[in-house]
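J.: Turn these sequences into a full structure, and let the hints steer you where they fit.
Chain by chain, the residues:
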Amino acid sequence: MAANSCWAFGAARHPHPRLFGAVSAALCASSFRAESLGSQGLANVAWAYAKVGHADAALFGSLEKAAALNLLELLQHAQQLSNTLWAFAALGHRAPALFGAVADAATAADGSGERLLATLSPQAVANLAWAYSTAGHRADALHDALAATAVRRLPACRAADLPFLLSAFSLSAHRPAPQLFVAAAPLVASGLVGGRYSPPQVASLALAFAAADQATPALLEALADAATRQAGAFRLDAFATLSWSFAVAAGAHPEAAAAGAEHFLAAARRAPSSFVNRPHTQFSAEDAEDAAPQLARLWQVQLWLESEGSRQLPRPPANRGRTRLPTFLVDHGRDALVASEAAAADGLSRRDAPAASGGSAACAAAAEARAQQALREGGARRQRLSRLSFALHMGGEAHSSELRLDEGYTIDLALEARRVAVVVAGKAQYDQLPRADGTYAPTTAARLGWRQLGALGWEVVLVPWYEWDALDSTAERRAYIDERLLRTGSADPEQGGGAHAGADPAGPAEAAEAAEAAEAAEAAEAAEAAEAAEAAEHALVEGGEAQQKAGLETLESELKAARARISELEKLVAASGPPRER
Amino acid sequence: MRYVTNRAREDITTAISNSPSPDDLLELWATHSDQMRNDVHLGNLWNKMGRFRKDIHNNRSFLHRRQHDLKELLLETGAACSSQSMDARGLTNIVHGAVKAGLLNYELGRDVHALCDAAGEALAPLVESQFHPQACSPMC
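Chains as they are written, first to last, in the working numbering: chain A, 1 to 582; chain B, 583 to 722.
The hints are simulated quantities; they were obtained by calculation from the structure and are not laboratory data. As the structure is a computational prediction, the values presented were derived from the model and not from experiment. Positions of the beta carbon are idealized from the N, C-alpha and C atoms, including for glycine. Careful, some of the hints might be misleading.
From the structure, some residues in chain B lie toward chain A, with a derived Cβ separation under 7 Å [as the list claims (entries may be wrong)]: (1) Leu610; (2) Ala612; (3) Thr613; (4) Thr674; (5) Val677; (6) His678; (7) Leu686; (8) Cys698; (9) Leu705; (10) Ala706; (11) Val709; (12) Glu710.
T.: Okay, here's the thing in structure tokens:
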């Protein structure tokens, strides 16, 4: 009964904190036998809590035990199994033992694994793929088996199954499944031509293909045509997602993406019912706050169309100077990107976090845990920035910290004279799980941001967190950044070189103004000590033989003192933030 | 509420169970609503309505034709949840059936949410004070 009640409220997406709190208390009571829920009850309760975003660590701990006790039954009911794991992942409740047991069972070599996979519907395959990626639980064999199952199931897939199925696999950047996208592309194209997708589904498909780097010019054209036919029905979310997907896909197919976006945006502006034609006065500050992520994406679309996109599709003179998107969206969008960059600087993730409804102590605890995590990431980021700034000073590289560009982006450390943007890429900018070679795949948003910095004339030098945090000493850090800067000029920022598309050698004058103001006192003090150390080192090298003999002891003493000072400062830097993550 | 004999109650329950279509359920409500404002009949009625999900989904004209009646049924069910003492099973059947019937996606979505609020407010204290997990677990 509790499970049915929960299911109903979950299906209605109707949070009721008091009722859900009462059910949690009942199911967590010591007298309750968790296994008596059965796999159906377990799945219904977990699914409902996830649907209304009611995070409750105690309840999910209890459900985890129930799942372990009901595992055999759960494994025989594919939908219940996939819904349960989906719910655990959606609420961010880590259950490695449960996820591991399911992965082992689904890949068992005795034939039971294949039998289990054979019972999975496309929706269940998508739920499981999404759950493992979102939970950050590495299960490569399962992931490959799910991708192969998805390919086999494609002919039986309903059109409505494909958007979520492909979205789920587009998330696993650490283990891409290109064969699934290649096999699905003709089905998707046929569904688009047949008008079988709603605006949110078109947007979801576009994002899945773009994020997985599997969009083709033909598919982009089909997406644009399908979207154009129903342009007036796109609401802000789908509108922003689709346009942004074209911007992402432009990295691989600039002409097709620009043509598709222009086609769609023009149709939206012509459609009287389109939301882009609503009077700007109806778009309040509250609307803008609620829609900040979508607006930030639209601003990135605007930047793309006016920079990279305009090179593909020069505009007729009559339209030059006019924005492709309504001014009110563009203005709010820039503010939203600035706010998003500021939040990222504080350590807040750019990734979508599972929402939790307010109201119960459990929800408050979940929100507090996320805030603490953000704080830790923010501290780690500040420490990385500080140490990197120090290393640059030691290498004699003049730079500004956190340079905000007019376009809304913030450059972590800007070597303005050389137009080099050193980007300290934190965990939020990468997939949770490493690739087979130990590196991490950047998120779609991060890739677009770095590409756009390149288009704005900056050469991007990436400093991934997993490389930087592995460096143990100042000398190693200095050697690392020196080597990265030496490599500037190569095309791929991920390989250490910079993206430098359409660089404007003159650069914005405003960049220089922000430079000195952004310098941290800590870094300046560290630089002073570094200069002393360097002076001592230079003196050792440049001094004549006689001088070396005469003042060797003195110089060595100065060098030792300077190094000790550097070490002290490093300790201070380390003490100023929370412990390192690794 | 009118006095209802056990026989009349059983007749209504049977009539709900035997209703062949959502239209018939609404007719039944229109005729006997005075006797049906209780947890058993409303629970049964909504449970049956939920079973007609496919018919409702496949027949858009039903929603258009009977929107007013459905709205009234939702409102009166919500009022009954708020004003009467209903048992947890009846409340659960009501919410489960109203959601399962697929009315959320249409213009009645707001009324379904109002019903969820009313039923949730009635259900929460029951769970808090009377819910015996061991006793209820077989029903989950």
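J.: So, for every hint listed, does it hold in this structure?
T.: Taking the hints in turn, this is what the structure says about them:
1. Taking 7 Å as the C-beta contact cut-off toward chain A, the hint placing B/Leu610 at the interface is violated, the least distance being around 22 Å.
2. Hint on B/Ala612 is violated. Least Cβ distance to chain A is approximately 25 Å, over the 7 Å limit.
3. Evaluation of the B/Thr613 hint against chain A yields a violated restraint, the C-beta minimum of about 27 Å exceeding 7 Å.
4. Restraint check, B/Thr674 versus chain A: the minimum CB separation of about 5 Å is within 7 Å; hint holds.
5. With a cut of 7 Å, the hint placing B/Val677 at the interface with chain A holds, because the nearest CB-to-CB distance is about 4 Å.
6. Contact between B/His678 and chain A, as hinted, is supported at the beta carbon level, the nearest pair being about 4 Å apart and thus within 7 Å.
7. The beta carbon of B/Leu686 comes within 6 Å of a beta carbon in chain A, closer than 7 Å, and the hint placing it at the interface holds.
8. The beta carbon of B/Cys698 comes within 4 Å of a beta carbon in chain A, closer than 7 Å, and the hint placing it at the interface holds.
9. Interface hint status for B/Leu705: upheld, as the beta-carbon distance to the closest one in chain A is roughly 6 Å, under 7 Å.
10. About 4 Å separates the beta-carbon of B/Ala706 from the nearest beta-carbon of chain A, less than 7 Å, and the hint is met.
11. A least Cβ separation of about 4 Å between B/Val709 and chain A falls short of the 7 Å threshold, and the interface hint therefore holds.
12. At about 5 Å, the closest approach between the beta carbon of B/Glu710 and any beta carbon in chain A falls short of 7 Å, and the interface hint on this residue holds.
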